[in-house]
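Take a look at the letters that make up each chain.
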Amino acid sequence: MKSILLVEDTPDKARDIKNFLYSVYGDDMSLGECSSYKSAQQEILDKHDDYDLILLDMTMSTFDPSTEDNGGEPEPLGGKNLLDNIYLWEIDIKVIVVTMYNDFDGQKLMSLNAELQEDYSDIYCGYVFFAFNSTSWQQDLKDKIDSLI
Amino acid sequence: MKEKKPEYQIRQDFLHSFKTSIKNYAEYAFMLKNSANRGEVSSSLLNLFKVLPAYEKLTFGNLFPTTVEQLGLGTSVFFKPENLENELYWLLIPIRHHKKQMKEFIELRDIVETSVMLGNYDEALDLLDSSIKNLGHSVWLYEMKTLIYCQLGKKEEVYSMITEINKKKKDAKYGFVTFLLSSLLSRSMTDVSAYQYDYDLISLYKRNKNEFHTHRFLYFLYRLNFYSNYNRGNEATTLLMENTNSLIDRYILILNILKSYSSQENADTTMVARYAKRLHGLLNDPCLYPFIAADNIANVPIDYYDKAFIDILDAYYTGDYEAVILQSSEYIKRNPCCFDVIRFYNRALIFLGRSYKPITPNRASILNRLSEKVFFVLKGVNNSQYLYELYQLLKNLSGLSIAPGLDLFIREENNESRIEKIYYLSLVRFDPIVTNLFQTDSSKNRYLSYGLKNIANSIVIDYQKRRVGKQTTEDDRVVAYIRNSDNAKIAFETCNYEKALEMWLYVYATSAKSMPTLQVAISYIFQCYLHLHQYSEAVAFYVDRYLENRNIVNKVETDDFAKVLKKQRYKGYKYSIDFLIFVFLTAKNGTEKNFVLTNFCKYKEVSLPSELIGHLSDEKIEKVEMFFHMIFQEDMLRHHKLVKSTLDILQEKQRIIHYLLTLGSLNQRQYLQEESELMEEMIVYTGIKKMDEGKIYANDQAIIKYELTDIDDLYKRFATQYDLMQTGLAIYLVDTSTNVTDIESSPNVSIYSAQFKYTDSAVLEVANEIYSKISHAYLKSKFGIDTYLSTRIRHGVFEGELRPVLSELHLILNTEKKRYITTDYWLRKYALSSDTNAALMDELKVLSHGVDFAISEFKSKILQIKTVEDEIGYFDYVLSPEDVQAVEITSYRKSQDAEGFIKETFAFLRSKTEQNLDNIRSVVRTELSDRFSSLFERFDKYISKLPNNHFSEDLETTLQNARTQIAYKLERIEKWFYMQDSQFDDMTLRNIMNIVWENTETSFPDVPAKCSTAIPANIMIKADYGIHFIDLLRIFFSNMLKYSKKTLPYRELAFQASVDSKVLKLHFENETDRDDDELSQEIQDKMSSRDRLSGEVGTGLVKAEKIVKYDLKNINNQVLVTVKDHRFHVDVSIDLNSIE
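From first to last, the protein sequence lines stand for chains A and B.
So for the first sequence, our numbering puts the first residue at 910; every next one is plus one.
So for the second sequence, our numbering puts the first residue at 140; every next one is plus one.
FYI, nobody ran anything at the bench for these hints, they're computed from the structure.
Wrong hints could be hidden among the right ones.
Using 30 Å as the maximum straight-line C-alpha spacing, the simulated DSS-like pairs for lysine-lysine come out as follows [said to hold, decoys possible]:
#1 957/B <-> 702/B
#2 1003/A <-> 741/B
#3 710/B <-> 1003/A
#4 1017/A <-> 741/B
Remember, predicted model here, so these are calculated numbers, not experimental data.
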């Protein structure tokens, strides 16, 4: 059974990813969900043993809208902060970044990818470029997941 | 052109080339410049120019322009330079021809620089004006005059001068003069922020279109801001562009080019030395000595050895500080640009424990102002402020020879990257420090030996010779701290860290008076501890020193160690308070700081950082204070696992600041201010309008707090320009808000025909500058509209609102490798024939493409911010420079200070945003909606042609469903395009009172109190004035809690409000144990003392009066205090008509 945590704050993107994951893995997968930096941090620190893999968005709000109107300030690199938490707390888990942007607070995706590879080599397992109007990301995501868990 | 021609042939061909065209002639000159027989070319042209001087002008442009109109009209044709050497030697021809005038210039330059530094401005101006007769006009001449006028504060004169030049040159077809002078004016102005100048210059031409544009951009950067850009740019091209100016300007640039080029790796320093020697042979300019010395000290003339300078060094090294002061004062009168002597002078003052004393009698001179700032930096007092002021001075003085020394000093003190060679190559006199230019010990020794040979018995030179040989010395003629420092450095360099540590600790212990020595010692001690793996000691030492004086650790290199700590996940180190403070000070991210803090909390068995209060009683109280203040200030609480909302963060901060206030430390005033800001933040947070559907937002307060902190200088400049405009002075300036006109360019040659644009409005430029800064922050900063637009709408949200609707209905296809892939949903559901299915897929491809295109176009063409005409987007903020000026003049007139000015500009931007949003909503309602309709109609036509069956019926129903859902979604999307209010909503006074009371009460946990209130429910306070009522109530409630009589079980306070004839009346009351008359008198004294407003303690009533009269906009509003029967009454009356 694959156990995956999806950290994503765009509901429709989250839905597309979930639909795809269920269509591929069906009952052979359990899926947790978080939609902000803080809720994901909590889940990862408390329940990381429940998961084999995290699918991580890079840009997200600080708090869940349920906790705070508007989600607080946007976190352009909230995903990176989560990777930092995983690294520092020595959490044994793999992370795939699923993003649909090429620019993060002025930093280009390729440069961010290189930085993440260097800083979190044991955790970070590359990125998948998501697009609503495309299905190319699906195969890429599946290949990456299958190679990891 | 490789073959060698005889001289007569060169002359003949040269003359012939003139007969064809300017371009052909320029091409021939270009060939000569790059020919192999440099000697023949030079002498043949010199001989020709002596007989036919007009040809020299045609070849080299206006070398000594007799009118300002001629200045800059050198040449319009640029051939891409082959190399720097050829460009340099080409200029040797006119320099050789006009060496007499050039020598005159060198003499003039030195006298003018000396006069400017010493404050003898009239003398310098006279000299400059009278030099025009022989030397003509130059950019340098006007640069110096501009600098002097700006130092004298003579704005009318400087603007008149620039206006006159601009008017004369407004039709000039070539040249950069007016732009150069415009920028040099900004650089010289004392109220133009140095950092702003750096930024503006970079911004101005960064959008380069072709190679020539890039070269022109780099030329401006190098020419106008050398000390920020000496490591960028192409020297040969830069020099080529300067050739439009006078020979004087070209020569000045040559000197800078020799420095920056020589500082590069792989520079041909022998070529530089050879060239410098040739130049020196012609001009005798001491500025050329360092280039010759760097190559071969034996070739430097005898006057390079300045005994008076070495005597000062000797006196300094031997600790005779009285002699240093005396000799420096004398020396500096003759050489005021010698930065080293200024430094020695001030160090000597510090060693003698004296306060600053002007180095020359004119205290207001540049020399003394600069020297005084250096004194305070060396003393370690308020470093960052003085270093900022020195940077500002550096910008103003960039054209003087003091600049290299000042630049290096600022970089060293700020621990910034630097190229020391630039400075060493500016030293015109023998100085042992120049040995740093040499790679080998033998070259260093050779240099020093020549020094000893020419200045016999110098202690410092002899000492440096031993130092080069890494010989520790006990020569007690040299003062102990220098000797000990150098011996310790030798121990460190030879990896004897234990010994080095011991020696540096000794230096540290015995160098209390010398901040620079302490900084160096601390840096080495820290490194020694690390090399010895004594990490806890390194950390504790660093933190202890930081606590003593944060400037003292400025030079400690901590980055590498901080990286190692993170890599090791902070394991293996003792989690002491020192360790935590060290990580707080040096880690890059809040996550790291929070990590060590959370671990520390665990170790102390508490959950939240505020719960550590009381658990650190064994630690030094100063450290505990710093520790908590850093938690309060730094970005780490957001990352704490147990902090789950903004309110959690604010409450945690509140607990910490209340604790800090109980310490009664020297920082009490700062903490009171922070507490006040925090309370405002909490109240704003509590009172903020709940989120509606609008997604457009700009965080005004954060923008002012974080993005516009350095607006003051620009605001002051705007105010000055505006006031100047009011005087009626007619000013004509280069309009830097528009770019220069273009050039004709081919791979190797460019014909430049630039004409700058001008404006006769002095305030226009600065209005555009300040508007650009404020609007950039409002629109594009981290807290600006674009951030929210991007994360809340553009980044997937918009797409995610529309596409999935159609996806669910199976009416849209997905793509793979940019091609739509078919679906078998309909095929399977209705067992369609392959033809029917293929036709359906074709139609769905058209529909999918149409939808995707509409989404992508809306994002890329509508949802973009447009600040200049050639951008696209419906967030349109394009204004003509004149309109910007009108906006900012209005903002200025409506406001009292910089913050008010910003808020007025925000109000304008907000109204502009509202207009834009109106347009965008209209696009959603009409164009976007129509687009979907026509796509659906097209699909509907296809359905209508299908045979009537279950498939076509289902498809029709699905399409109708899509129409309805998309229409609903578009309605939703339309509602996104409203401003989300960042301010308070209008609030009832009762509500404001409750929030303020709740927050104030928590600030006084040890003062149990109850406040009885009587406030009618219908008193509404407009959003704009909410913050002032909050301040007002906070002042009174705080005072009541602080000063009311202690009664049991709690203090009884009262607050009532009423409205009578549109006058709001507030009544505060509490018991007091003070004598009625005595307290009345005290209150009267306080209220009559206006200057108390700037203080913190005992100023509440004065501040309250200011709020009710000025912030609440009616001078007749009143605060009345009475003390009767041991009861303290405050009655406030506020005219509501003024704040509706």
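Here is how each hint holds up against the structure:
Of the supplied pair hints, the one linking residue 957/B and residue 702/B is violated, its CA atoms being roughly 43 Å apart against a limit of 30 Å. Of the pairs offered as hints, the one joining residue 1003/A and residue 741/B holds, with about 26 Å between alpha carbons and a cut-off of 30 Å not exceeded. For a cut-off of 30 Å, the pair hint linking residue 710/B to residue 1003/A stands: about 22 Å separates their Cα positions. Restraint check for residue 1017/A and residue 741/B: not satisfied, since their Cα atoms lie roughly 38 Å apart, outside the 30 Å limit.
Violated hints, in rising order: 1, 4; the structure is consistent with all others.
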